[in-house]
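K.L.:
Sequence:
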Amino acid sequence: MKKFATILILLYSLLLFGQNPPIREASDNKPQEKGDIIKIEDFFPISMEDPRISITDVSVDRRYSPDGKGEILDILFNIDNNTSERIDLYVWVLAYYETNAVDKDERRIIPYPQWRVNDPDKRTFINRFIKITPKDIPIDKIWSPEDPDYKKYHNIVQRMRNAVGSIKVIGDVYPPVWKYVSYIMRYPTQGLPVILYGDQGPTPDKLLYTNYIPPTPEEKRTKIFKHIPDHTYTINYNRRRTIFRSHHYSDYRADFTFFNMFRILIFDAQKAKQFEEQAKRELKEGEVPIDALMYHRIFYINRDLKIK
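Okay, so the sequence shown: first residue is 1477 according to our numbering, each after it adds one.
Calculated from the structure, these hints are not laboratory results. Incorrect hints may have been included.
Claimed, not checked - Cut-off 27 Å, straight-line C-alpha distance, at most; resulting in silico cross-link-like pairs (DSS-like, lysine-lysine):
id, residue 1, residue 2
1, Lys1702, Lys1756
2, Lys1784, Lys1756
3, Lys1628, Lys1580
4, Lys1644, Lys1747
5, Lys1782, Lys1702
6, Lys1515, Lys1756
7, Lys1699, Lys1545
8, Lys1760, Lys1644
9, Lys1628, Lys1699
10, Lys1515, Lys1702
11, Lys1756, Lys1644
12, Lys1644, Lys1580
13, Lys1545, Lys1756
14, Lys1545, Lys1784
15, Lys1627, Lys1611
16, Lys1611, Lys1760
17, Lys1580, Lys1782
18, Lys1628, Lys1644
19, Lys1515, Lys1760
20, Lys1611, Lys1749
21, Lys1682, Lys1749
22, Lys1627, Lys1580
As the list claims (entries may be wrong) - Pair ranges (Cβ atoms, derived):
id, residue 1, residue 2, range
23, Gly1544, Pro1587, 22 to 28 Å
24, Asn1631, Thr1679, 54 to 60 Å
25, Lys1515, Tyr1540, 18 to 24 Å
26, Glu1763, Tyr1688, 41 to 47 Å
27, Phe1601, Ser1535, 21 to 27 Å
28, Glu1622, Ile1689, 19 to 25 Å
29, Asp1597, Thr1665, 47 to 53 Å
30, Asn1631, Thr1733, 41 to 47 Å
31, Asp1518, Gln1590, 24 to 30 Å
32, Asp1556, Pro1765, 43 to 49 Å
33, Lys1644, Leu1684, 41 to 47 Å
34, Ile1689, Glu1525, 35 to 41 Å
Yeah, the Cβ is synthetic: ideal placement off N, Cα and C, and Gly gets one too.
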């Protein structure tokens, strides 16, 4: 009888501790914990087409920063309301520069063997720079030295720096973009709250929403503007249409690169809040996980943008 009771206790322990823990709530002052590694197996950012909204007139523009210290990518798109009711959203826009792991200078000196068909470096994508609207996500929220992907990508960059004949500056690697998207899928309410008005439009005092900080008289006098990189969005509200502009700053540096890709993610605000509450606990029997993602698209900037 004692033996049978011991077996029951062991089975109960395995069931209890074998369950996946709920996703922890994000905190602005806590880095990623060792047991909270973002894995590719958990990457599933698929959105169902939501007939309530339409994204139209997506365009990009490149301009010099007013402070003369970098360049800015402006991403413009319309969010149209296909209903008569107001819809509350959370919006994220990620602009980044991504390449594969092939070092062209190294390959020019030491060509890749022609007989080897498979080239893993062509299927490994490196995120070299990223700027996010409404605000950047600290890297230590995305990965840590305990993360196997952290070691993998840092080894790739270190190999490039140690390559034969390499004299160019190679900056530090950023976490792969899929990790950022996975983080956003966990904490969608950290995005920018946006209103999509219905038949009842905004009042005159709510037509514009932006985080632009005007220059002070001292900044105008010295021509040193401190808050240019902090300006990440400008939104115009209208009846049944919201015009969204995101601004992504790339400063001039030794390994300067401009953006070649961007993503737009839009969440239903009410469902996003419900999702985060649901994620703190175990699902009840028969309960379906809440999907708050309304729109997710990847855009390639496959041409050189003229600087204005």
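K.L.:
Against each hint, give a clear statement of whether it holds in the structure.
P.N.:
Against the structure, the hints:
With a C-alpha separation of about 39 Å, the suggested pairing of Lys1702 with Lys1756 is violated against the 27 Å cut-off. Restraint check for Lys1784 and Lys1756: not satisfied, since their Cα atoms lie roughly 47 Å apart, outside the 27 Å limit. About 20 Å separates the Cα atoms of Lys1628 and Lys1580, which keeps this hinted pair within 27 Å; it holds. Restraint check: the Cα-Cα separation between Lys1644 and Lys1747 comes to about 47 Å, which exceeds 27 Å; the hinted pair is violated.
Pair hint Lys1782 plus Lys1702 holds up; C-alpha atoms about 25 Å apart against a cutoff of 27 Å. At roughly 19 Å between alpha-carbon atoms, Lys1515 and Lys1756 fall within 27 Å of each other, so this suggested pair holds. For the hint linking Lys1699 to Lys1545, the alpha-carbon distance of about 12 Å falls within 27 Å, and the restraint holds. Proximity of Lys1760 to Lys1644 is assessed by CA-CA distance (about 55 Å); at most 27 Å being required, the pair is judged violated.
Restraint check for Lys1628 and Lys1699: not satisfied, since their Cα atoms lie roughly 43 Å apart, outside the 27 Å limit. Straight-line distance between C-alpha atoms of Lys1515 and Lys1702 comes to about 37 Å, which puts the hinted pair past the 27 Å bound. Taking the CA atoms of Lys1756 and Lys1644, the gap is about 46 Å. The hint is violated against a cut of 27 Å. A hinted pair counts as satisfied when its Cα atoms are at most 27 Å apart, and Lys1644 with Lys1580 qualifies at roughly 12 Å.
The straight-line distance between the Cα atoms of Lys1545 and Lys1756 is roughly 43 Å, outside the 27 Å bound, and the hint therefore fails. The suggested pairing of Lys1545 with Lys1784 holds, with an alpha-carbon distance near 15 Å, which does not exceed 27 Å. The straight-line distance between the Cα atoms of Lys1627 and Lys1611 is roughly 26 Å, inside the 27 Å bound, and the hint therefore holds. Proposed proximity of Lys1611 and Lys1760 is contradicted: the alpha carbons are some 34 Å apart, above 27 Å.
With a C-alpha separation of about 25 Å, the suggested pair Lys1580 and Lys1782 falls inside the 27 Å cut-off, and the hint holds. Of the supplied pair hints, the one linking Lys1628 and Lys1644 holds, its CA atoms being roughly 21 Å apart against a limit of 27 Å. The hinted pair formed by Lys1515 and Lys1760 meets the criterion: a straight-line CA distance of about 25 Å does not exceed 27 Å. For the hint linking Lys1611 to Lys1749, the alpha-carbon distance of about 19 Å falls within 27 Å, and the restraint holds.
A threshold of 27 Å between alpha carbons decides the hint, and for Lys1682 with Lys1749 the separation of about 24 Å falls inside it, so the pair holds. With a C-alpha separation of about 22 Å, the suggested pair Lys1627 and Lys1580 falls inside the 27 Å cut-off, and the hint holds. Checked against the given bound of 22 to 28 Å, the beta carbons of Gly1544 and Pro1587, roughly 41 Å apart, lie outside it. Distance hint check for Asn1631 and Thr1679: the Cβ-Cβ separation is about 55 Å, which falls inside the suggested range of 54 to 60 Å.
Checked against the given bound of 18 to 24 Å, the beta carbons of Lys1515 and Tyr1540, roughly 40 Å apart, lie outside it. Take Glu1763 and Tyr1688: their Cβ atoms lie about 43 Å apart, and the range 41 to 47 Å holds. For the pair Phe1601 and Ser1535, the beta carbons lie near 25 Å from each other, so the given range of 21 to 27 Å is met. A hinted range of 19 to 25 Å is violated for the C-beta pair Glu1622 and Ile1689, which are about 38 Å apart.
Checking the proposed 47 to 53 Å range against Asp1597 and Thr1665 shows it is violated: the Cβ atoms sit about 38 Å from each other. A hinted range of 41 to 47 Å for the beta carbons of Asn1631 and Thr1733 is inconsistent with their spacing of about 21 Å. Distance hint check: the CB atoms of Asp1518 and Gln1590 are about 38 Å apart, inconsistent with the given range 24 to 30 Å. Our hint of 43 to 49 Å for Asp1556 and Pro1765 is violated, since their Cβ atoms are close to 28 Å apart.
For Lys1644 paired with Leu1684, a C-beta distance near 43 Å keeps the hint of 41 to 47 Å intact. Ile1689 and Glu1525 have their C-beta atoms about 37 Å apart, which keeps the hinted 35 to 41 Å range intact.
Checked against the numbered hints given earlier, this structure breaks hints 1, 2, 4, 8, 9, 10, 11, 13, 16, 23, 25, 28, 29, 30, 31, 32; the rest are met.
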